[in-house]
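Residue numbers (the numbering used here), protein chains in the order written: chain H, 1 to 148; chain R, 149 to 296; chain E, 297 to 789; chain U, 790 to 1282.
Just so you know, not all the hints are guaranteed correct.
[To be verified] Part of the chain E face toward chain H, derived, beta carbon under 8 Å:
#1 336
#2 398
#3 404
Hints were generated in silico from the structure; no laboratory data involved.
Where a beta carbon is used, it is the ideal one built from N, C-alpha and C, also for glycine.
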Amino acid sequence: MSNNGNTSKGKIVLGVIGYDCHSVGNKILEVFFTEKGFQVTNLGVMVSQDEFIDAAIETAADAILVSSLYGHGLIDCQGFRDRCVERGMEDIILYVGGNLVVGKTPFSEVEEKFKQMGFDRVFPPDVDLEEVARLLEQDIHARRTGKH
Amino acid sequence: MSNNGNTSKGKIVLGVIGYDCHSVGNKILEVFFTEKGFQVTNLGVMVSQDEFIDAAIETAADAILVSSLYGHGLIDCQGFRDRCVERGMEDIILYVGGNLVVGKTPFSEVEEKFKQMGFDRVFPPDVDLEEVARLLEQDIHARRTGKH
Amino acid sequence: MKGLERIQKEAFLQERETVLTSWPTGKDVDLKEAIAYQKQIPESKRFSLAMEEAKRTKTLLTQPRAGVALPEEHIRLLKYLEVEGEADLLPTTIDAYTRQNRYTEAQEGIEKSQAAGKSLLNGFPAVNHGVKVCRQVTEAVARPVQVRHGTPDARLLAEITLAGGFTSFEGGGISYNIPYAKKVPLEQSIKYWKYVDALVGYYEEEGVRINREPFGPLTGTLVPPCISHAVGILEGLFALAQGVKSITLGYGQGGNLIQDVAAVRTLRQLAEEYFTSEGFTDYHLTIVFHQWMGGFPEDEAKAFAVIGWGTVAAVFSGAEKVIVKSPHEAFGIPTKEANAEGLRATRQLIHMLTDQSMPESSELTRESDLIREEVKAILDGVWKLGEGNWETGTIRAFQSGVLDVPFAPSLFNLGKILPARDNDGFIRILQPGNVPLGNKILAYHRERLEERAKVEGRPVNFQMVTDDIYAISKGHLVGRPRSSSSIKIGSQR
Amino acid sequence: MKGLERIQKEAFLQERETVLTSWPTGKDVDLKEAIAYQKQIPESKRFSLAMEEAKRTKTLLTQPRAGVALPEEHIRLLKYLEVEGEADLLPTTIDAYTRQNRYTEAQEGIEKSQAAGKSLLNGFPAVNHGVKVCRQVTEAVARPVQVRHGTPDARLLAEITLAGGFTSFEGGGISYNIPYAKKVPLEQSIKYWKYVDALVGYYEEEGVRINREPFGPLTGTLVPPCISHAVGILEGLFALAQGVKSITLGYGQGGNLIQDVAAVRTLRQLAEEYFTSEGFTDYHLTIVFHQWMGGFPEDEAKAFAVIGWGTVAAVFSGAEKVIVKSPHEAFGIPTKEANAEGLRATRQLIHMLTDQSMPESSELTRESDLIREEVKAILDGVWKLGEGNWETGTIRAFQSGVLDVPFAPSLFNLGKILPARDNDGFIRILQPGNVPLGNKILAYHRERLEERAKVEGRPVNFQMVTDDIYAISKGHLVGRPRSSSSIKIGSQR
Ligand code: B12
Ligand code: B12
């Protein structure tokens, strides 16, 4: 867990959901978003929905960035937004990225499924992280200024 | 040009049609059909329709085996059967094989086109030559006994 | 057997009771019947024999990874890989819920897959399916089949699949914990795996040989050979101590041909040395080479290139088996077609290279010597920490970082070691953490990395590591900074 | 320049008249204007500079083969290969009618292609399209473009394409006759190509450098390196004699890595030696490596493997350019997609291997020495026959079989030489015909073949040759008899 000081662009919680052990991308995301000036709480791999939400509440996070690489993304992420609502975090920004479903699938299909589940943005593994950082900054700004 | 003596299964003329220089397969076909007991007249590469027919007439051949590898097969083979008819060889067996058209094309399409042009049998490059020898023996037998 | 103890048969049989009652399907395992069943499996389907034959004839066998949620679909998949993929050996890859003993979630995955009409699980949930279904799988194919997974506690999985006719079982107490789990103490997983090895030892005593294969590549990402070798040798010792006789140690491709060839050679030599000096003699050792285990390029044509290079290294290394990737690797679990494509590309190259060999060279000798020294330094450290016991040594070594796997998710891994490539693409150690390699060796690693840094005009730092992690997926071996690539025209794109 | 004469400028200019009037489009060539046109082509599109830069930076450039009947479609194709294929250099492959100067048939092909809405020609009929369309093609792309063909009499083609903005021209009086024609006397084709080289020399004198590339692979089928090297060096000498300054000699992959690396190294060294000793000094020499030029496997995954292996050999050989095959090779002219796939697979491997090198070894030295001796023996023979003139020597050498290309269609090639692979996959000489290699060398070849024969339990004979011709397309390098393959499990299929 790292903190880039008071110039923070926002507070985010990172982690890999479910029983997924893929730790390499997660370590890179931590370093990347920290360098970009976000305050990062990294929960590492094998994180449950409630662990994500606990950490988000505890740190008063603006966004949760969920990774899923191993293919069980659909099952593991089901009801994530509902759970956030239940726990009073209805307006938290939810991003999800990685190899989200089992097998090579057109990304538009994947995106739609996860958007239906309440994720604000959905990313394929080859996403340009610079672009994600820009979007995240925007989204956090919009959330803080109540513009979303 | 080789001759396997009087046990011949039939007389055939071999060659690569048009302006096609692919000589390797042709050399192999010569060795193969000779070993199989056919009397082979091999005209080599770059053979015109008339050269094929001349050789067939001269040797009283049962069959002409045309190769085309370089893609111009459709253009080069056009009217081959008609030319045979014109020159009094209407009942000669005509086989064609190789990479007959430009580009990877479903073989059934290729086969149909060449059959329409009057070829009795059409073969892809990966044909089992043993099978061809069997068919050729049958076809020659049928032709000689007037059964086709 | 100096530094290890064999599990007591009574203790083992007692533990079995708990294991078999941990999920309903466990009750169908009858060890006597299972042994009888295993005995009637034809020799042509026995994994250990295929591996022995490969070693004898200097053949490289191909094996894919593959597993889906539902039995019929799984059988169709394996048959396809056998016929269209020309696979020599077959896998059954287990889903990730089963790997974490989450049989309830696995059941949900099975049901959802049935409903969806396609697999929503990333593998075959063998425990939920049980012994009978496993036998249907292993009986449906002509080749030997292995269980491939990543399970810290694989006791029930082993019971069910061995009774189910599988003749080889992948994994180990270190290699199926540190890269695959977060909160399982190493002591625990080593204990669980002692059970698995003892079960295999039990089959062995009863005349049924089961092949065991520790998972060599670990996190698959820039793992220095000395680290995975040390782990593999330790897991080999653990297995032999419980009566395992057919053992296959693994190595994941690094990407530099010389390092990869040196790695496989030294793995074989070192394992023999350590095994023998522990007093083991009547075992059969073979080596499996994994095609590139890190991030793949998305483009399928480029993925074929990576698969090809892995095959070249596998052949020249002299391994007995190669684990094959597919052109879908970067995206998701491959379709059966894509999986077979990877296998056929591999097959073609194996055959084209089978009559060729890597010539001896000073570079190869240098690298082999280096790896040998490194592994000995690490295992010396482990032995010292263990005060005469390899198991204790291993646990303490991970605690203290004497053994340290880069990028691993486990809380029981120190995670201080950092690898990076040198200017020729060899994987070197940038930060040793507490791995006791000694100053001479570390200076050599540093020197090679400084050489690269100079060429790239930047300091040796973490950016290099990140660049190297992405490199192959972005089309390179060494992750150069944008401006300094040595390819001029080619890299302008 | 001892053994060669430069064509007289007057004679050359006179011959031009005939050439340019041999087909209507010839009249559009205005040499002065063409030179001015060539001079304004940006440096980034000049082939010779790209090759020089590749040599300086030790880079391997990729180039596909590609050509279709109609201009718009051809431009689309090249742009696709440039962008999606990441090709460093572009080709324009000429159709087979144009290659035989059958412009009437080519015209028919253009028209039928227009009618069919797809290319019915196996290349781009540049002569029929003329100067203006050629300029449209070369202007449409960002990379240097080369004319690739197989034309015994390429005088008009050269006139039109060089005026059309192409900056490199493949071929030679031997290499574009013997493998590509049947009835064209060698004397004729060498004369025609003297004209082409003189035309390039003319451009050179006027300050425009055109790259020239003799066709190395010849029949692409088991050609021993000494044969293609001898031909390449002779064609290099012919070109230099006419004032060519940028020359790229070629070699087609044999399949054994050591032989391929040795071949490229020796080709470079020997060419430098012969060129210098003929008094040429201010030329620029580079080497092009062709991925496997013989029969390909039909399966695309397997074809990718062959492409990959060709890339490995190309990188390790140190060539400046690699000519890339596609996964459609066994079937037909590739689609642009398939062509780009071959290019991208090649690109990935080049980048992954760029930081690696083939270590020195005794095998490599042995093979290099052997090739050097062989080439010298052959070229000594040519020189003797020529009585002080390389051109005469070449013509007589082919007459007598001192130079002999295996499996060639030309009536002016003796066709007595027969190659076959030895037990390690090296291409050896089974029947030397009249190639004067000397007893020691021939005994070595024989010995190596006998070694294979022993392993296979059959005599050294023509069956081996046939088996070797098919081998790669059937998934092997060495064409073993069915029963004796060294791969056991793998080959049972
Ligand atoms: C290395 C690896 C492993 C290692 C992991 C070691 C470790 N502890 O990390 C090992 C060998 C242990 C492993 C195991 C398994 N793996 Co794995 N693995 C890979 C591999 C080859 C590379 C992953 C990697 O590290 N990439 C490098 C990093 C930098 O990239 P990344 O992980 O993609 O992360 C980046 C992006 O995805 C993105 N991103 C990720 N999350 C998020 C979130 C947000 C919000 C955003 C914006 C971006 C983003 O940014 C990250 C940084 O750039 C991939 C395939 C590939 N990509 O080539 C398969 C892959 C991910 N594994 C896969 C599978 C299935 C498994 C297993 C289940 C085994 C199996 N059945 O084959 C087990 C997992 C068991 C478990 N419990 O989780 C599948 C997933 C399939 C699917 N989704 O359909 C893949 C795709 C391979 C495949 N084609 O089959 N694996
Ligand atoms: C070697 C080769 C060359 C060599 C030929 C040397 C020589 N003189 O023989 C060189 C390099 C010179 C060459 C040149 C060209 N080639 Co070329 N060549 C090949 C290659 C790689 C192998 C051919 C070969 O020798 N195979 C081995 C022999 C044993 O097999 P085979 O030729 O297929 O013959 C067997 C079967 O086809 C069958 N068969 C053949 N005829 C018949 C007839 C009957 C009746 C039967 C039953 C069976 C049968 O039996 C034969 C023996 O087993 C093929 C691609 C491939 N197959 O991988 C391309 C290929 C044939 N060439 C091709 C082309 C286009 C050319 C060129 C026009 C250049 C260009 N545009 O790319 C020029 C030809 C110029 C000309 N005037 O002809 C294309 C044809 C494209 C198409 N049909 O769509 C191919 C398919 C490559 C490709 N995919 O683009 N080529």
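Hints versus structure:
1. 336: At about 35 Å, which exceeds the 8 Å cut-off, the nearest Cβ of chain H leaves the hint on residue 336 (chain E) violated.
2. 398: holds (6 Å)
3. 404: holds (7 Å)
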